[in-house]
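Guided by the hints, dock chain B onto chain A, whose structure is given.
2 protein chains.
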Amino acid sequence: MTDYSNVDAFLVSNLDASLRELGRLVAQPSISAQKIGLNECAALVAEMLRARGFTANIYPTAGSSVVVAERKGKNDKTLLFYNHYDVQPPEPLELWDSPPFEPQIRDGKMYGRGVSDDKGHFAARLFALDALLAEGELPCNVKFIVEGEEETASVNLAKFIHENTDLLKADACIWEFGGVDHTDTPMQYLGLRGIQYVELSVDLLSTDVHSGLGGSIFPNAAWRLVWALNTLKGADERILIPGFYDDVKPPSARDRELMSALADVTEEYKSRYGVPYFIKGLKGGDELKIEEVFSPTCTICGLTSGYQGPGSKTVLPARASAKVDFRLIPDQDPSDILKKLRAHLDSQGFTDVKITDLGGDAPARTDPDHPFIQLVIAAAEEVYEKPMSLVPLVGGSGPNHPFVHVLGLPVATAGMGYPDTKTHAPNENIRLDLYLKHARHMARVVREFGEGK
Amino acid sequence: MTDYSNVDAFLVSNLDASLRELGRLVAQPSISAQKIGLNECAALVAEMLRARGFTANIYPTAGSSVVVAERKGKNDKTLLFYNHYDVQPPEPLELWDSPPFEPQIRDGKMYGRGVSDDKGHFAARLFALDALLAEGELPCNVKFIVEGEEETASVNLAKFIHENTDLLKADACIWEFGGVDHTDTPMQYLGLRGIQYVELSVDLLSTDVHSGLGGSIFPNAAWRLVWALNTLKGADERILIPGFYDDVKPPSARDRELMSALADVTEEYKSRYGVPYFIKGLKGGDELKIEEVFSPTCTICGLTSGYQGPGSKTVLPARASAKVDFRLIPDQDPSDILKKLRAHLDSQGFTDVKITDLGGDAPARTDPDHPFIQLVIAAAEEVYEKPMSLVPLVGGSGPNHPFVHVLGLPVATAGMGYPDTKTHAPNENIRLDLYLKHARHMARVVREFGEGK
Numbered sequence: 009m010t011d012y013s014n015v016d017a018f019l020v021s022n023l024d025a026s027l028r029e030l031g032r033l034v035a036q037p038s039i040s041a042q043k044i045g046l047n048e049c050a051a052l053v054a055e056m057l058r059a060r061g062f063t064a065n066i067y068p069t070a071g072s073s074v075v076v077a078e079r080k081g082k083n084d085k086t087l088l089f090y091n092h093y094d095v096q097p098p099e100p101l102e103l104w105d106s107p108p109f110e111p112q113i114r115d116g117k118m119y120g121r122g123v124s125d126d127k128g129h130f131a132a133r134l135f136a137l138d139a140l141l142a143e144g145e146l147p148c149n150v151k152f153i154v155e156g157e158e159e160t161a162s163v164n165l166a167k168f169i170h171e172n173t174d175l176l177k178a179d180a181c182i183w184e185f186g187g188v189d190h191t192d193t194p195m196q197y198l199g200l201r202g203i204q205y206v207e208l209s210v211d212l213l214s215t216d217v218h219s220g221l222g223g224s225i226f227p228n229a230a231w232r233l234v235w236a237l238n239t240l241k242g243a244d245e246r247i248l249i250p251g252f253y254d255d256v257k258p259p260s261a262r263d264r265e266l267m268s269a270l271a272d273v274t275e276e277y278k279s280r281y282g283v284p285y286f287i288k289g290l291k292g293g294d295e296l297k298i299e300e301v302f303s304p305t306c307t308i309c310g311l312t313s314g315y316q317g318p319g320s321k322t323v324l325p326a327r328a329s330a331k332v333d334f335r336l337i338p339d340q341d342p343s344d345i346l347k348k349l350r351a352h353l354d355s356q357g358f359t360d361v362k363i364t365d366l367g368g369d370a371p372a373r374t375d376p377d378h379p380f381i382q383l384v385i386a387a388a389e390e391v392y393e394k395p396m397s398l399v400p401l402v403g404g405s406g407p408n409h410p411f412v413h414v415l416g417l418p419v420a421t422a423g424m425g426y427p428d429t430k431t432h433a434p435n436e437n438i439r440l441d442l443y444l445k446h447a448r449h450m451a452r453v454v455r456e457f458g459e460g461k
Numbered sequence: 009m010t011d012y013s014n015v016d017a018f019l020v021s022n023l024d025a026s027l028r029e030l031g032r033l034v035a036q037p038s039i040s041a042q043k044i045g046l047n048e049c050a051a052l053v054a055e056m057l058r059a060r061g062f063t064a065n066i067y068p069t070a071g072s073s074v075v076v077a078e079r080k081g082k083n084d085k086t087l088l089f090y091n092h093y094d095v096q097p098p099e100p101l102e103l104w105d106s107p108p109f110e111p112q113i114r115d116g117k118m119y120g121r122g123v124s125d126d127k128g129h130f131a132a133r134l135f136a137l138d139a140l141l142a143e144g145e146l147p148c149n150v151k152f153i154v155e156g157e158e159e160t161a162s163v164n165l166a167k168f169i170h171e172n173t174d175l176l177k178a179d180a181c182i183w184e185f186g187g188v189d190h191t192d193t194p195m196q197y198l199g200l201r202g203i204q205y206v207e208l209s210v211d212l213l214s215t216d217v218h219s220g221l222g223g224s225i226f227p228n229a230a231w232r233l234v235w236a237l238n239t240l241k242g243a244d245e246r247i248l249i250p251g252f253y254d255d256v257k258p259p260s261a262r263d264r265e266l267m268s269a270l271a272d273v274t275e276e277y278k279s280r281y282g283v284p285y286f287i288k289g290l291k292g293g294d295e296l297k298i299e300e301v302f303s304p305t306c307t308i309c310g311l312t313s314g315y316q317g318p319g320s321k322t323v324l325p326a327r328a329s330a331k332v333d334f335r336l337i338p339d340q341d342p343s344d345i346l347k348k349l350r351a352h353l354d355s356q357g358f359t360d361v362k363i364t365d366l367g368g369d370a371p372a373r374t375d376p377d378h379p380f381i382q383l384v385i386a387a388a389e390e391v392y393e394k395p396m397s398l399v400p401l402v403g404g405s406g407p408n409h410p411f412v413h414v415l416g417l418p419v420a421t422a423g424m425g426y427p428d429t430k431t432h433a434p435n436e437n438i439r440l441d442l443y444l445k446h447a448r449h450m451a452r453v454v455r456e457f458g459e460g461k
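Residue numbers (the numbering used here), protein chains in the order written: chain A, 9 to 461; chain B, 9 to 461.
One chain only, chain A, in its complex shape (with noise of 0.2 Å):
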């Protein structure tokens, strides 16, 4: 068994070091839904390579700029990092307890938009490589693309991954994200549900007018948009939109063995989200955890029109909208998807709801039993001192298709989040005791993937 006691030994050194590393990272906003400070953060990335000795080139997209970087190592494997630069929107500010964009140690924690989702991450990632760096050269050649449109579904990223096959030719994949779930088991994710997001709108007048003119004879676009989107899905849940579940494999009974060996969390959600209650009856337990991940969805994720402020005012819409995501499952297409939910629309009547495609992603998954899964696990057992929990789909989505079905890799998840992180939330943090873990884990997997064990 390799020593990892000199490593382990610079990385609680460094440890604050590496930190205020990733607090410059996180104090730089880079809203990719808002296209805030985006070429800026990639340009701090491309730098935070290059000062480990990395070619990094910032490639542009039609939307934000890919960083990809290669350092050589000691043999020809190729480990291929994922990772992005971009975060969520921080709203609603008001619930932040500090500032998103001027990150806070406290409590054991660090809090900003962004320092979960994905920017500790890669900070973690380079400070696991310093730490064999400070050894000599590193046991494999090691690659990084990073991109800067996660959070608005890396709508170009599938295009930039196909037309640059080349560049990104490696053996095997960390992904961006990982963690250990709330009895701090650490959690190998084999597979990512896709993801359809879509803007729904309706504008029907020129302007807003009085409610009480037009209320009896005019079209108004907020009756519209609830009509419409009642049509997508009924109070029972399920779906409407014709031939929506046509392509969805239901889980094996493989996929059901390890859903049912990964910790209950019925009472776990109840508590950290208030969750008033499951919905399709779902109670708990096994059924509640299949669920979660083994159906598709479609949630309204935002709705917008007219007058929203305190009090009343008596105004008829000219406009409304809804922001709306599918997650979809192996084998469901987002194209696909798009066009049964247009034709939906139009068959019902509402030609007059526009459709925006705001990005989609394909699923896909990994084999759990590919030899690099079952090296990522052996490292992670020995730093984390218990086995991981082997999650054959999660909930949320991401660009993992390319990866998988153009590159042709294993993809591992390994990471610092938690339940308690908050993505996409207020007061998103990471907690310091995993950031040191995931750096210790990354840099077991880099060498045991280029000792070739």
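Hints are supplied without guarantee of correctness; some may be wrong.
Treat identical chains as interchangeable: a pair holds within one or across any two.
What the hints assert, rightly or not - Restricting the straight-line Cα-Cα distance to at most 25 Å, the calculated cross-link-like pairs of lysine-lysine (DSS-like) are:
id : residue 1 : residue 2
1  : LYS347    : LYS43
2  : LYS257    : LYS291
3  : LYS362    : LYS288
4  : LYS82     : LYS348
5  : LYS80     : LYS117
6  : LYS257    : LYS348
7  : LYS278    : LYS291
8  : LYS278    : LYS362
9  : LYS362    : LYS347
10 : LYS278    : LYS80
11 : LYS80     : LYS177
12 : LYS394    : LYS288
13 : LYS85     : LYS151
14 : LYS348    : LYS80
15 : LYS288    : LYS278
16 : LYS291    : LYS347
17 : LYS85     : LYS347
By construction, these hints were calculated from the structure, which means they are not laboratory data.
Chain B only, in chain A's frame:
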């Protein structure tokens, strides 16, 4: 026939001074929905009245204060003016060509929030009294009641009137608004629809959640709201609350006759508001005019939930709400409608939808053959040089019910509104020629009323 040449000469000579006074009033924000500037505006209103020799008092209520003022005249007859000093919120600010609270005159119009609704009316009426006072005593007692919550459904006015019937004792009332149609014909509005304004809200989780996590298993406040709204009104525009239509009186033969005499609005509405089609299969003509006012409504005035910014945010919202107004027809009762709404939502399984009562007014109408109405009509013809159109009921709402049914007054409308006056919308404005005409009309009404004609 009384000679009004001195009065008219006074008004023409002093118009600019009166507009400057109006400008000061408009520059004082007084947004009842947002509780901005109300006390300051009430004080300014009282000061303007006292400057004309009125005794003016500011009465507190549970909400905004009410200003009541009186000046004795030559006899015991009393004319009561009803006005309001509050205005609608100015949002969306970016659509104003000049700042809403920096009134600006251009192209024969004055622009600013509240310039038409209702500060211009108040200022023009004082201006009319100035012209009469320039000739000696007022021809009759004049009272003003100027409230500060008309734009939030006058939630405290009915109670104030009930408790102050002696203070407000009068023989006739001039309503806060009025105006001309798109052919510059002055309008006599003889009734107002009622209103019940509510906020419907759903609060389900303790925090917004990543949609990848909760989408398949947590209840979604936005979906609950959409489904609840959908039970209120069908896509055929039929309101589905049981008993909603029980107390609706259909228009009488006389109502239909009066409506039929009014100018057609079909093409006007299409071009002014960009209306792509009328609902309920309406094509235009008398059918459209009658449906516009003689049918009750259920209008979504606003929708709010989750992420509403640019691009996408994958969030499952903890909270969703809608602003909804119901316009009511004699003899529908707002509190009865509120009860039926609650019962309906409960019976449909939406006990999780909270109803916040944001105010209501009962509908009320005045007899077109009342002598005071005939006096106002005759005085208008001299100023506007064409007969007034009689409108049995208008689409808007207001607190005329307690004036008609508690104080027992005939209520006549007169004013400076016109089709492009943009009340409740950006670029609210008045035409200066109509400001002058309204002052001339009011001077005549006060004198003719005082002289017992």
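Taking the hints in turn, this is what the structure says about them:
{"no.": "1", "hint": "LYS347 / LYS43", "verdict": "neither (28 Å within a copy, 47 Å between copies)"}
{"no.": "2", "hint": "LYS257 / LYS291", "verdict": "within (23 Å within a copy, 50 Å between copies)"}
{"no.": "3", "hint": "LYS362 / LYS288", "verdict": "between (30 Å within a copy, 22 Å between copies)"}
{"no.": "4", "hint": "LYS82 / LYS348", "verdict": "neither (50 Å within a copy, 77 Å between copies)"}
{"no.": "5", "hint": "LYS80 / LYS117", "verdict": "neither (34 Å within a copy, 73 Å between copies)"}
{"no.": "6", "hint": "LYS257 / LYS348", "verdict": "within (18 Å within a copy, 46 Å between copies)"}
{"no.": "7", "hint": "LYS278 / LYS291", "verdict": "within (11 Å within a copy, 53 Å between copies)"}
{"no.": "8", "hint": "LYS278 / LYS362", "verdict": "between (36 Å within a copy, 22 Å between copies)"}
{"no.": "9", "hint": "LYS362 / LYS347", "verdict": "within (13 Å within a copy, 36 Å between copies)"}
{"no.": "10", "hint": "LYS278 / LYS80", "verdict": "neither (48 Å within a copy, 69 Å between copies)"}
{"no.": "11", "hint": "LYS80 / LYS177", "verdict": "within (13 Å within a copy, 94 Å between copies)"}
{"no.": "12", "hint": "LYS394 / LYS288", "verdict": "neither (34 Å within a copy, 66 Å between copies)"}
{"no.": "13", "hint": "LYS85 / LYS151", "verdict": "within (11 Å within a copy, 92 Å between copies)"}
{"no.": "14", "hint": "LYS348 / LYS80", "verdict": "neither (47 Å within a copy, 73 Å between copies)"}
{"no.": "15", "hint": "LYS288 / LYS278", "verdict": "within (16 Å within a copy, 45 Å between copies)"}
{"no.": "16", "hint": "LYS291 / LYS347", "verdict": "neither (34 Å within a copy, 34 Å between copies)"}
{"no.": "17", "hint": "LYS85 / LYS347", "verdict": "neither (41 Å within a copy, 72 Å between copies)"}
The structure fails to meet hints 1, 4, 5, 10, 12, 14, 16 and 17 from the earlier list, while all remaining hints are met.
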